[in-house]
Amino acid sequence: MLSPERLALPDYEYLAQRHVLTYMEDAVCQLLENKEDISQYGVARFFTEYFNSVCQGTHILFREFSFIQATPHNRASFLRAFWKCFRTVGKNGDLLTMREYHCLLQLLCPDFPLELTQKAARIVLMDDAMDCLMSFSDFLFAFQIQFYYSEFLESVAAIYQDLLAGKNPNTVIVPTSSSGQHRQRPPLGEASMLEGVEASQFSQCLENLCDRHKYSCPPPALVKEVLSNVQRLTFYGFLVALSKHHGINQALGALPDKGDLMHDPAMDEELERLLAQVPGLVNSATANPEAGCLPSRTPPRVGSPWRPLHHARKVDAESDGSTEETDESET
Amino acid sequence: MIPGKYRSVSGRAANNVNCGLHLVIQTSSLPEKSKVEFKLNKETPSFSGRLLQHDLERNYSSRQGDHITLASSSMPSFPILQRSSEEKILYSDRLTLERQKLTVCPIIDGEEHLRLLNFQHNFITRIQNISNLQRLIFLDLYDNQIEEISGLSTLRSLRVLLLGKNRIKKISNLENLKSLDVLDLHGNQITKIENVGHLCDLRVLNLARNLLSHVDNLSGLDSLTELNLRHNQITFVRDVDNLPCLQRLFLSFNNISTFESVCCLADSSSLSDITFDGNPIAQESWYKHTILQNMTQLRQLDMKRVTEEERRMASVAAKKEEEKKRESHKQSLLKEKKRLTINNVARKWDLQQHRISSIAPNQDRKVSDCPQDPSQLRGSTVSAFPEETGSLDSGLTSALQGLSVTDTHLVEVDGDTLSLYGSGALESLDRNWSVQTAGMVTTVSFTFIEFDEIVQVLPKLKIKFPNSLHLKFKETNLVMLQQFNALAQLRRVDQLTVDPQGNPVVNFTLWKYYVLFRLSHFSMQKINGTEVTQNDMIMAERLFGILAHVASSELPQYRLISILGDARKKQFRYLLETKGKKPGLVNEENSDSKRLVGENTNRATLNYTTRDFYNERLEEIKEKKKFCKMYMEDLVKEATEINMKNEALQKLWPQMFIELVRDAVIEIRNKNSYMKLCLQQITDQK
Chain A
1 MLSPERLALP
11 DYEYLAQRHV
21 LTYMEDAVCQ
31 LLENKEDISQ
41 YGVARFFTEY
51 FNSVCQGTHI
61 LFREFSFIQA
71 TPHNRASFLR
81 AFWKCFRTVG
91 KNGDLLTMRE
101 YHCLLQLLCP
111 DFPLELTQKA
121 ARIVLMDDAM
131 DCLMSFSDFL
141 FAFQIQFYYS
151 EFLESVAAIY
161 QDLLAGKNPN
171 TVIVPTSSSG
181 QHRQRPPLGE
191 ASMLEGVEAS
201 QFSQCLENLC
211 DRHKYSCPPP
221 ALVKEVLSNV
231 QRLTFYGFLV
241 ALSKHHGINQ
251 ALGALPDKGD
261 LMHDPAMDEE
271 LERLLAQVPG
281 LVNSATANPE
291 AGCLPSRTPP
301 RVGSPWRPLH
311 HARKVDAESD
321 GSTEETDESE
331 T
Chain B
332 MIPGKYRSVS
342 GRAANNVNCG
352 LHLVIQTSSL
362 PEKSKVEFKL
372 NKETPSFSGR
382 LLQHDLERNY
392 SSRQGDHITL
402 ASSSMPSFPI
412 LQRSSEEKIL
422 YSDRLTLERQ
432 KLTVCPIIDG
442 EEHLRLLNFQ
452 HNFITRIQNI
462 SNLQRLIFLD
472 LYDNQIEEIS
482 GLSTLRSLRV
492 LLLGKNRIKK
502 ISNLENLKSL
512 DVLDLHGNQI
522 TKIENVGHLC
532 DLRVLNLARN
542 LLSHVDNLSG
552 LDSLTELNLR
562 HNQITFVRDV
572 DNLPCLQRLF
582 LSFNNISTFE
592 SVCCLADSSS
602 LSDITFDGNP
612 IAQESWYKHT
622 ILQNMTQLRQ
632 LDMKRVTEEE
642 RRMASVAAKK
652 EEEKKRESHK
662 QSLLKEKKRL
672 TINNVARKWD
682 LQQHRISSIA
692 PNQDRKVSDC
702 PQDPSQLRGS
712 TVSAFPEETG
722 SLDSGLTSAL
732 QGLSVTDTHL
742 VEVDGDTLSL
752 YGSGALESLD
762 RNWSVQTAGM
772 VTTVSFTFIE
782 FDEIVQVLPK
792 LKIKFPNSLH
802 LKFKETNLVM
812 LQQFNALAQL
822 RRVDQLTVDP
832 QGNPVVNFTL
842 WKYYVLFRLS
852 HFSMQKINGT
862 EVTQNDMIMA
872 ERLFGILAHV
882 ASSELPQYRL
892 ISILGDARKK
902 QFRYLLETKG
912 KKPGLVNEEN
922 SDSKRLVGEN
932 TNRATLNYTT
942 RDFYNERLEE
952 IKEKKKFCKM
962 YMEDLVKEAT
972 EINMKNEALQ
982 KLWPQMFIEL
992 VRDAVIEIRN
1002 KNSYMKLCLQ
1012 QITDQK
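Protein chains in written order, with the working numbering: chain A, 1 to 331; chain B, 332 to 1017.
Same shape as in the complex, but just chain A (with noise of 0.2 Å):
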């Protein structure tokens, strides 16, 4: 805990880095709106409870989006929070349109924008014929590129432009948020003779990007395993490659593998509950056939075997791949 590192910093840039002073700030914000609510049991367990939702990751469910977006660690909450929910959806098996999981996304943050799930749906469709159906881990899984690294893909798709266009590699582009948002469809008349950018150069020029970048981006090396597998690549290509990785998978911490997603014993277990109190419900025995495949039924609800904050943290730490250990996880 008092590392010398964290000594070198000063007392301000520390706090930034640890978004503390967002949180501090949400606190004394949310203590106002509530005061005469709150007053009735108490300041000091009102932090608690704040800092404890913090730590648990459910202290974004309905709030706006600029309060989700603030941080890497509400946007990681955010993404599992969402998983929770509606894995049973994707359990199901439906396939529905990028409307639709809007729509869903808007259940758990009323004013989400659009534009955040069309980009998703972007990268899952390889930017071809929008109404498509996606299927579940599909979409949340690009949509977790895409949300949790926003910035970063901005700047990449910047870098991207330019390589087609021919431009020096090594000239230093800073795009503004707008201009990312217009570069986003590669000129047809270039695409057409050659497919994507050679994935080295693309390669070191993220390289640099990710150095200097204060926005938070995937772990270097991976990106580089990314692309050391490929001669060319396009723009969509490269995303849908990211958002299929396991490693960046794993390095956000906030879903779990792919083969695990419609996996949740504990609230599977919820679940059945909850069907069990269905007015007139015969049998439960219609349940899931997964839930009968468990061994064990008595996990305790906060202990289940995904601790996803552990690792969230080590992510934000970019230039050092330190093994810093985080002091509490659990309450």
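Be a bit skeptical, because a hint or two may be false.
As the list claims (entries may be wrong) - Below, in silico cross-link-like pairs of lysine-lysine (DSS-like), each with a Cα-Cα straight-line distance of 30 Å or less: (1) 803(B) x 661(B); (2) 955(B) x 35(A); (3) 35(A) x 976(B); (4) 803(B) x 666(B); (5) 956(B) x 35(A); (6) 857(B) x 795(B); (7) 651(B) x 669(B); (8) 843(B) x 91(A); (9) 956(B) x 968(B); (10) 843(B) x 791(B); (11) 635(B) x 651(B); (12) 957(B) x 35(A); (13) 793(B) x 857(B); (14) 258(A) x 224(A); (15) 666(B) x 656(B); (16) 679(B) x 666(B); (17) 35(A) x 968(B); (18) 791(B) x 803(B); (19) 953(B) x 35(A); (20) 91(A) x 857(B); (21) 968(B) x 957(B); (22) 501(B) x 523(B); (23) 669(B) x 656(B); (24) 650(B) x 661(B); (25) 258(A) x 803(B).
Claimed, not checked - Which bits of chain A does chain B cover? Going by a derived footprint, with three or more residues having C-beta under 8 Å, they are: (26) 45 to 53; (27) 101 to 112.
What the hints contain is simulated information worked out from the structure, not anything from laboratory work.
By construction, the Cβ of each residue, glycine as well, lies at the ideal position given by its N, Cα and C atoms.
Since chain A is already given, all that's left is putting chain B on it; use the hints.
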């Protein structure tokens, strides 16, 4: 001098032989057998009757025929007729030449006293050679082949002219027959009534079985009592009111279908007997009472006496008919207005949704296309029906009750359905609805209204229409599943219908399950017409159950309270705004909220705030956020300052400590002087 009863046949004639020739042909000397019945050809002279007449005629003629010699004349075509002198004396004024196979009229010599001439049942084609019979009173040319009325101009005394069953096409050349009493032209091919206006003594006119298509040109027939127009093609009748004596009018078997086409009959005060059977008008339901109502002077209709009872019923029925017409006219006006309003609202809605770009000129044109008077409708901007304060169902005669119809919205209560078109209609929920009307409403239908606006009036709906169980939404811009959360605040919803038109949400695969899940406490029975099965409920729970669980148990306590508090606060705020604090309502509110919490807490946090409210709230929060930020910055500054000071102290402390120690040691080096110093200090302090 012409006796009135043309039709009578009786033995009475023997007594009144002196008044001139009866139209009933009789002389006292004639035996019974040859009494000939001359009937004006009624519609249904029984065949047997006809045959009898025929027989009689035959007998008669056979008798007479013996005495007639038809000699050939000098003119090649005309035979000359001569009778023996006994005949002449015996039947000096009558001559019967029926069934003589005559093709032309013979020249009748030396019979200038003739008064009756009978040419029935021959083949005569032209009326000729009778100009010399200037005393003729009765001329019968029934059943010949005459094509044109002619050769009668000298017969100024003629009173009865029977030209039935010929081939006459036109009424003409009757100018000099001013004494004519009976004119029988039935069974011809006459298409038009004309050239009879001078027959001011004519009493009976028979034009049955002709080709008349209408009746007029009757003026001048000042004595006409009976007019027979059966079996023609008459569609309308005129001029009958100009006949001052007309008593009997027979119009059976024509083509009259409305009373308007014979309306002049109402003005004829003399008419007492009329027949319409065989006309289309006689099939109408309103036939009898309309005729009786309009022709109060009538004594017989279709050969049946008109009773007082019938007359009374006729007037009652006519009144009812009138009212019904008025009512249906009103209804159709109302319907038209409604349709226009709905069209108008639809257009506005489309504009709003940016679906069509052109505006004003289209609208005006469309409005003026309507069949109604356009200025009347365009000008109205307030509700057309006077339904102000107080109970609204006074004077309900029909089930359909349009309550408020303007150009921009429409509110309609139709039995158990309340329909609202256009956002302006939502204001109507504020009105004073009678308990009865409001209680009967079980279905509420919203069209062309933004769902967000509907959400705001749902509390009002809950109170004003407590029995509303079925909600229908069409063109209400339902786009998110979240919006269904808003329906949870209602008391109960049995059925939900979301029309795909204008509601994109229906395109989602999961929308029904979400509705069932979120509104599970309603135990809904039907969605969009299909029954909700147990499997549906299970699936809904399975799909979204975890969402509910997360939304309830994983939210921190303060969030739960704040979210629920928000919902409650909103409802409460509405109540306070509109009604003022009424204790009863407040209680209801509390119990409601308690129930809300009790029923399905785990879903209660899934709320819907309309976009506007949401943005409003975010705006409000901005201020607070700014303050918080500043506050935190101050705190952080303070904390960092303290931290800095702390760190600085940490750095400086060893040095300071050493100095402190050194100073102390130096001070105590000389014990004696130190003791003195301390004592000095103590005394100084005092």
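Now the hints, each set against the structure:
1. Between residue 803(B) and residue 661(B), the direct Cα distance comes to roughly 28 Å. Compliance with the 30 Å bound is thereby established for this hinted pair.
2. A hinted pair counts as satisfied when its Cα atoms are at most 30 Å apart, and residue 955(B) with residue 35(A) qualifies at roughly 12 Å.
3. Between residue 35(A) and residue 976(B), the direct Cα distance comes to roughly 34 Å. Violation of the 30 Å bound is thereby established for this hinted pair.
4. Using a Cα cut-off of 30 Å, the hinted pair residue 803(B) and residue 666(B) holds, with the two alpha carbons roughly 21 Å apart.
5. Restraint check: the Cα-Cα separation between residue 956(B) and residue 35(A) comes to about 14 Å, which is no more than 30 Å; the hinted pair holds.
6. Between residue 857(B) and residue 795(B) the alpha-carbon distance is near 23 Å, which keeps this suggested pair within the 30 Å criterion.
7. Distance check on the hinted pair: residue 651(B) and residue 669(B) sit about 26 Å apart at the alpha-carbon level, within 30 Å; holds.
8. Straight-line distance between C-alpha atoms of residue 843(B) and residue 91(A) comes to about 18 Å, which keeps the hinted pair within the 30 Å bound.
9. Distance restraint check for residue 956(B) and residue 968(B): the Cα-Cα separation of roughly 18 Å lies within the 30 Å cut-off, and the hinted pair is therefore satisfied.
10. In summary, the hint linking residue 843(B) to residue 791(B) is supported, as the alpha carbons are separated by about 26 Å, within the 30 Å threshold.
11. Pair hint residue 635(B) plus residue 651(B) holds up; C-alpha atoms about 24 Å apart against a cutoff of 30 Å.
12. Restraint check: the Cα-Cα separation between residue 957(B) and residue 35(A) comes to about 17 Å, which is no more than 30 Å; the hinted pair holds.
13. Between residue 793(B) and residue 857(B) the CA atoms are separated by roughly 20 Å; this keeps the pair inside 30 Å, and the hint holds.
14. At most 30 Å may separate the alpha-carbon atoms for a hinted pair to count; residue 258(A) and residue 224(A) meet this at roughly 21 Å.
15. Distance check on the hinted pair: residue 666(B) and residue 656(B) sit about 15 Å apart at the alpha-carbon level, within 30 Å; holds.
16. Taking the CA atoms of residue 679(B) and residue 666(B), the gap is near 20 Å; set against the 30 Å cutoff, the hint holds.
17. A C-alpha spacing of about 25 Å is found between residue 35(A) and residue 968(B), which places the hinted pair at or below 30 Å, so the restraint holds.
18. Simply put, residue 791(B) and residue 803(B) have alpha-carbon atoms about 17 Å apart, close enough for the 30 Å limit, and the pair holds.
19. The suggested pairing of residue 953(B) with residue 35(A) holds, with an alpha-carbon distance near 16 Å, which does not exceed 30 Å.
20. With a CA separation close to 26 Å, the supplied pair residue 91(A) and residue 857(B) stays within the 30 Å bound.
21. Taking the CA atoms of residue 968(B) and residue 957(B), the gap is near 16 Å; set against the 30 Å cutoff, the hint holds.
22. Using a Cα cut-off of 30 Å, the hinted pair residue 501(B) and residue 523(B) holds, with the two alpha carbons roughly 7 Å apart.
23. Of the supplied pair hints, the one linking residue 669(B) and residue 656(B) holds, its CA atoms being roughly 20 Å apart against a limit of 30 Å.
24. Taking the CA atoms of residue 650(B) and residue 661(B), the gap is near 16 Å; set against the 30 Å cutoff, the hint holds.
25. Distance restraint check for residue 258(A) and residue 803(B): the Cα-Cα separation of roughly 42 Å exceeds the 30 Å cut-off, and the hinted pair is therefore not satisfied.
26. Counting residues of the region 45 to 53 of chain A whose beta carbon lies closer than 8 Å to any beta carbon of chain B gives 5, which reaches the threshold of three, so the coverage claim holds.
27. A count of 6 residues in the region 101 to 112 of chain A with a Cβ less than 8 Å from any Cβ of chain B is obtained; the coverage claim is therefore met, three being the minimum.
Taken one by one, the earlier hints fail for this structure at numbers 3 and 25, listed in ascending order.
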